[in-house]
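> Each protein sequence line maps, in turn, to chains A and B. Residues in the first sequence are numbered from 1 upward in steps of one, following our numbering. Residues in the second sequence are numbered from 1001 upward in steps of one, following our numbering.
Simulated from the structure, these hints should not be mistaken for laboratory data. There may be inaccurate statements among the hints.
Subject to a maximum C-alpha distance of 25 Å in a straight line, what follows is the list of computed DSS-like cross-link-like pairs (lysine-lysine) [as the list claims (entries may be wrong)]:
id	chain 1	residue 1	chain 2	residue 2
1	A	K102	B	K1070
2	A	K3	B	K1003
3	A	K70	B	K1102
4	A	K3	B	K1053
5	A	K38	B	K1018
6	A	K102	B	K1013
7	B	K1071	B	K1003
8	B	K1070	A	K38
9	B	K1055	B	K1018
10	A	K3	B	K1057
11	A	K102	B	K1057
12	A	K102	B	K1003
13	A	K38	B	K1102
14	B	K1053	B	K1003
15	B	K1102	A	K102
16	A	K3	B	K1071
Okay, the calculated beta carbon distance ranges per label pair [claimed, not checked]:
id	chain 1	residue 1	chain 2	residue 2	range
17	B	D1110	A	T98	50 to 60 Å
18	B	S1065	A	N58	11 to 21 Å
19	A	K16	B	S1008	19 to 29 Å
From a predicted model like this one, the values you see are computed outputs, not experimental measurements. Ideal Cβ positions, reconstructed from N, Cα and C, are used throughout, including at glycine.
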Amino acid sequence: AQKVTQAQTEISVVEKEDVTLDCVYETRDTTYYLFWYKQPPSGELVFLIRRNSFDEQNEISGRYSWNFQKSTSSFNFTITASQVVDSAVYFCALKWDTGFQKLVFGTGTRLLVSP
Amino acid sequence: DVKVTQSSRYLVKRTGEKVFLECVQDMDHENMFWYRQDPGLGLRLIYFSYDVKMKEKGDIPEGYSVSREKKERFSLILESASTNQTSMYLCASSHSWSDAGKDQPQHFGDGTRLSIL
């Protein structure tokens, strides 16, 4: 079965702290795709990043970085020097090669960044 | 930029009413999806469509139907609304499941908060 687990329901940090959001996935497919989305209070889901199973390179984009490790089936997301505008719910999602375009989402992690 | 537009941000309906949620995308995407989002449950797929007049059940289709008469428009229908259908509904679209499209993300609308009284 395909599954995404985000064990952290809510994280609270103070501005400028670093924070890591965990994502663990399960799939039997050898080809799959992982995504992170951000949902600010306004409600829309904003696509942040995708990673293919055959590309284990980590990625950095400004204050955001992603650590993909197939050995532990994890795709963790780190925000460096967090800001109040980072407050949102973050979702990790999985698409797999035989899943016909379906996305399976984790339950989300709510990040609260206080000034 | 991809634009997915949902017809209403907030909607209040009564039990037993037939409810229509509309979604339009402007990127000529083949695939469209309807999800509901509930606290602690994440997003769950209700229905999706990979072409005009084509539809497939998702994980929780009971109590819902869909219509896709035009490529850009995907409607979710609550045949007889019930209080347990009070939720946030999100529409999404994406490119087709071709080799070039396999790793493409789904793009989401702003969501409709639906309350059934």
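> Confirm or reject each hint.
To see whether the hints hold, each was checked on the structure:
no.	hint	verdict
1	A:K102 - B:K1070	holds, 21 Å
2	A:K3 - B:K1003	violated, 28 Å
3	A:K70 - B:K1102	holds, 19 Å
4	A:K3 - B:K1053	violated, 29 Å
5	A:K38 - B:K1018	violated, 32 Å
6	A:K102 - B:K1013	violated, 29 Å
7	B:K1071 - B:K1003	holds, 14 Å
8	B:K1070 - A:K38	violated, 29 Å
9	B:K1055 - B:K1018	holds, 20 Å
10	A:K3 - B:K1057	holds, 18 Å
11	A:K102 - B:K1057	holds, 11 Å
12	A:K102 - B:K1003	holds, 20 Å
13	A:K38 - B:K1102	holds, 21 Å
14	B:K1053 - B:K1003	holds, 21 Å
15	B:K1102 - A:K102	holds, 11 Å
16	A:K3 - B:K1071	violated, 30 Å
17	B:D1110 - A:T98: 50 to 60 Å	violated, 31 Å
18	B:S1065 - A:N58: 11 to 21 Å	violated, 43 Å
19	A:K16 - B:S1008: 19 to 29 Å	violated, 39 Å
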